[in-house]
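Using the sequences and the accompanying hints, generate a full structural model.
Listed here are the chains, written in short residue letters.
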Amino acid sequence: MNAVATARAAYDCIVIGGGHNGLACAAYLARAGRSVLVLEAADRLGGAALTREFAPGFRVSAGAHLLHQMPARLIEELALEKHGLRWAAQSLPTAALAPDGAALLLSGSGPESIEGPVDREDTEGYARFMALMQRFAAVMNPMLEAVPPRLGTERWADRLSLMRLGWRIRRLGRRDMRELLRIAGMNVYDLLKEHFRSPLLQGALGFDAVLGTNFGPRAPGTVMTLLYRLAAQHGAGARALALPAGGLGAVADALAGAARAAGAEIRLTAPVARVTVAADRACGVTLQSGESIAARAVVSSADPQTSFLGLVGSEHLDTAFVRRVHHLRTRGLAAKLHLALDGLPKFSGLPAAAHGARLLIAPSLDYVEHAYNHSKYGAHSAAPALEITMPTLSDPGLAPTGKHVLSAIVQYAPYELTGGWAGQHEAFAQQLIDQLERHAPGLRSLVRERELLTPPDMEREFRISGGHWHHVDLALDQFYAVRPVPGATQHRTPLPGFYLCGAGCHPGGGVMGIAGRNAARQIIAGEPAQ
Amino acid sequence: MTRESEQYDAIVIGAGHNGLVAACYLARAGLSVQVLERNPHIGGAAVSRQLYQNFTYSNCSYVCSLLRPEIMRTLELPRFGLQIIPYDGGCTMMQGGGHLALYDNHDALRREIARHSKRDAEAYDRFARDMIRQCKFIKPLLMREPPDPTSFKPRDIRELLYLGGHFNRLGEERMYDTLRFWTMSIADFLDEYFESEIVKAHMAGSAIIGTALGPRSPGTAYVLLHHYMGDIDDTVGAWGFARGGMGAVTKALAASLQASGGTIRASAPVERILVRNGRSVGVALADGEEIKARLVLSNMDVKRTFLETVEASELSGDFLRRVRNFKIRGSSGKLNIALDGLPTFPAIPAGSPSTRGDMHVTDTIEMMERAYDDWKDGAWSRAPYIDMLIPSQIDPTMAPDGKHYMSVFVQYCPYQLASGPWDAAKRQAFGDTVIDTIARHSPDFKSLILHAEVRTPFDLENEVGLTEGNIFQGELTFDQLLFNRPIPGCAQYRTPLRGLYLCGSTTHPGGGVMGAPGANAARAVLRDLRLAAT
Amino acid sequence: MSDSAGTAPHYTRPLLPTPFHERARALSQVDSFVPWAGYTTVDVFTNAGQEYFAIRNACSVYDLTPMVKYRIAGPDAGRYLNRLVTRDLRKLRVNRVSYCVWCNDAGNIIDDGTVFRLGETEYRLCTAERQLDWLLDSAIGFDVQLSEVTEEIAALALQGPTSCAVLKKLGVTGIERLKPFEFSCFDATGMRLMISRTGFTGDLGYELWADPRQANQLWDALMTAGRSRGIRAIGSRALNMARIEAGFLMPNIDFVSAEGTVRVGTSRSPLELGLGWLVDFDKGHFTGRRALQEQMRQGLQRQLIGLDIAGNKPAANALLYADRKGQREIGSVTSAMWSPTCKRNIALAMVDAPHFAMGTTMWAEVYLSRELVWERRMCKAQVVDKPFFAPERRRVTPPGDF
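If you read the sequences in order, they're chains A, B and C. For my numbering, count along the first sequence from 1 and bump the result up by 1063. For my numbering, count along the second sequence from 1 and bump the result up by 20. For my numbering, count along the third sequence from 1 and bump the result up by 75.
It is worth saying that the hints were derived from the structure and are not from the lab. Don't take each hint at face value.
Examples of chain C residues toward chain A, derived with CB under 10 Å [said to hold, decoys possible]: (1) V143; (2) Y145; (3) N157; (4) R158; (5) L159; (6) W209; (7) G216; (8) F361; (9) R364; (10) Q368.
Source: prediction; values computed, not measured. In this text, a Cβ means the ideal position worked out from N, Cα and C, and glycines have one as well.
The following block contains the structure:
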């Protein structure tokens, strides 16, 4: 053993990255009695779950802008409400904006209901469809919240985990089971066409299936991404589609509070340069400042490519493993638009009371598919699909009195734009405002300031290689038992003592904290017995 | 065995290759079998037609690679005249005039690919290795009846355990590879091997043939496998010509059937499957003639069988809804062209055998994806992916001496145009799009054309009876494979009507001139009758 | 492409001629050529037995050009190679050669080869088969340039007891000072040659690396210089005999590249192949290290061993049994021959645990054709030490004039 390894480790565990997963991991580790140090590169916590000023006096959740899938269990276990998490709104309804005419309103929780321009068949069909999906979501939720099994091992835990999944699916009964096995790999486009006639309804549900993915609704696998979303919301319960008071940054603050209360140390402006490896074990980190800190285990909430190729380095890993990491698809497809508004815009076809809802511009499946088409060839959508929130309606403190904030996720805006973003950034922002103006006449004149974050901007700000909020594209071949890559699917990695806890792990991005919690459990459980 | 009121033990509706394969197995087991074909010629989509002078067109399917060797052997097809000759090569011509050829000889192939990328030339071996691994995995599953995962019947549990064991035997690493392979898009899959666009484009072709998906759609890597999983004389993935055209396959099957005592009636369109008390008892022909049989096997796709040939009142609403939801969008067109001589392709160097196999002109994945985008919007591709062949170079029986027959498979062409129904002018315009595409790579091509038959999915439905002109009798997506094909709970060749079986490509393992669905269906029938298959 | 390459297009003539092809063809009496890594090479010139004795008795010339050569250079070249191969290359000095193997993640052998350290940050890797795909994937994360230089270098193996004397006669001054696994550049009769004291015969010998444009000149000069020392061109068949005696492994015969296998369980680790001495667990990480450590912990399930088999019929491809009746199969022979030098019937074989201990007795199932009448024989075999033949002269520096 060399000197580094034998030097007394200052901490049981170092967590790289102070995003919500890193903080959740730190909190769980600290609660289990481990000494923990969180190292955050930025001068603030939260990663992509943060609230920050984007115009003088205007603040916005600059990354994720809704909390819709953090498990209720996690919020309770870490007592996040005790640590300051408050709710500005919960169970937000969704409004699908129509190009002309009335919007469609979908209830946010409880019995699924629908209001607006759909016929009776679709109204009833919607309730039936959502009930079916909720049954599937309930089956999938434990799978989503647990560490995925490894396949083909002799280990009891892996086999049990697979058997449990099989049993849960069996328990659905023959009819539902058959349907689940049929639709699990299907495209959402065909499924929604089987169930509904209203393009507006189809578009809204189809958009949810592809939100944050690199697919259009015709791509097989998009039913799984819809189920994934619903399964996560199932776990979130009433707090699905919620607006934390003070924005998403409040979630990070509460997590940090929980971690600190349990004894974790948090250091800001402490970018990690490398993971220290000695005697084939991660034994600490070296900061960019040159400072070395020793620890018995290192867990990274950074994306897998940054973690393995940047922080650890391929020289400590095997070739085919590195090849898998190298080939991960990590390019973001979603942009973020923030508007500082002098007043509240009025969306046509939308009741005044519904302006605080989650607004969607995805009027049909073909609209979303066409929006996707452009991104396949390195262009942004000519007519993008949008998820819009105006958080100031429920959380006025985010803007000066009487002023408002509009935050929109814009899909699709590819990371690699032909010709580069530099020359097209301005025009795209303008195009988006024009598009919003058509839905909310007069909005343009209310815009005091605007900010557009493209995937490369997010890569820079949130230090996510590729600027993808799932770190690693959410697709069947990068999902569950193969996420992020075989060999690192259970938060453990080929390098002993080095763990992953970020969105690149199962179950992926979205402000869930599950990856952080599960990683902590794996670390506490220790290395598997050989 | 036939009861008094019954004229036959079994009627097979449709003399396509799967119908004939099923009939052969039944006849060999001693059943009296009658095959009914609505067209005056047999063969379904595996036909050789003389539509222009002395030219023979394989006017639907045009390549023989998937036909299961065990079927060929058991049914003695070589004895009845079937001969399959492997391709010599293949190529993709590039927009700028270059080309990529594929050669049998490994060293020639490596040096050829190395002209485009040295790295890809060697990565090709890894690609081939992984394709063979996947072929080896899927091969034993083709000739088996998929289990019903919801069933507790010993047979289903046994089959499910077999599947699980088969998968488990791959070992951890390859299990992940297999999972990923089955769920990936061909574009992403190829990105893990190759850097050269032309290499990827050439390899990706087979992943979109016949599908309603583009190369970026997940699941297309599997479609590639579906086209590679055949083998000719133990060469995995080899493609070949049937001497005399694809009709030679069904001709040999018909001869084999007749030698076993089965009979075939052409020009005998079945109007209705007769059902009494939930059991099929025979069929009624269009002219009103009724033919009684103990069993009926339908070689038609699931939609045509249940939505057009069985009284709706005999089936549950739920079942009918599932049948209606079966995805069977047609996406392929076909041109059959009689040529006055061999066209020249300036991109291909003299002496290269690469024009003796499949020729392509799509040199980027993006072109394929854009071709798919057109189809999604209800139009034929402005720059279609085409898979052309000149079989008369290899098979002297296809065209008069010195003249040539060219088969041109076209992807994508919709069944329903957004601009309204197909008509002669639109068909012509579609044909011209394809001919112009080829002519850009062959200056003398147009002047050599003696006759061209243009076939759209709409024509395919009308002539061959494939719903929406889907060449696989149903799309090959996860939701319609294995125990989901054609419909969950109805994936074991049996149907809700006792005595009625499905034996076409609409069942597992799906389309292509493979014969496995027919053989599996016959095995299911014989097991139900407690007879042994031979 | 060098001017020695063929001018016919690859689709009419897939195999390339080597720069020595013209000379080799002139000497070939039996027209026996075989493909090797994209080149056509001589299997037998006149008679494999006679050619074999040139290796053990005088001096043999073997065309090594098809050996795939990579240039690996850049600031990380050393770190890159050290992570690629199982041996500790940090100790490899400039002008030294190391015999190495490299593995996949599962610790199974992809290939073996030799690494030449040409300079502080420049190396050459010589392998029997192409590896670019794996080598480039291994380069992810390293500042290193990789290129295949096979066609830029003509190579000859000069092996046998008189090889040093022949080189001296050729005018290679100082060649006698070259130690095993050392290489240096020399000027001889107007040619610039890189010469390494390496080889695949287990005998005294050298490998000559030259500019392909000087191929004919080199060949002619060697033949002239060696005329009085029994020099003789040899083909692959004779070389294969020598390498079995020396206990060297041949890819695709004694093992299959782990990156090329289709079936489960057919790959082999260096430990199983008896190459544990090439695996350095203390040097830091290399691909396959963790899997090999695990294999060490669990114990080997099979191993490649040397066999001495009764009788004189080579036991090529024979299955091996623990009992004479042939009921308990324990492995199979990978390479076998009658050794003309040792006068023993030798073989390399892969056998299951625990049958690989020195001195273990087993039975080889040998089929013999007696004028087309086939006979099955169970021949007694015993695990013996490798190499079967290892003359002292291969190591002595300076070598004597044998």
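- Task: Kindly indicate which numbered hints from before are broken by the structure, ordering the numbers from low to high.
- Result: 1, 2
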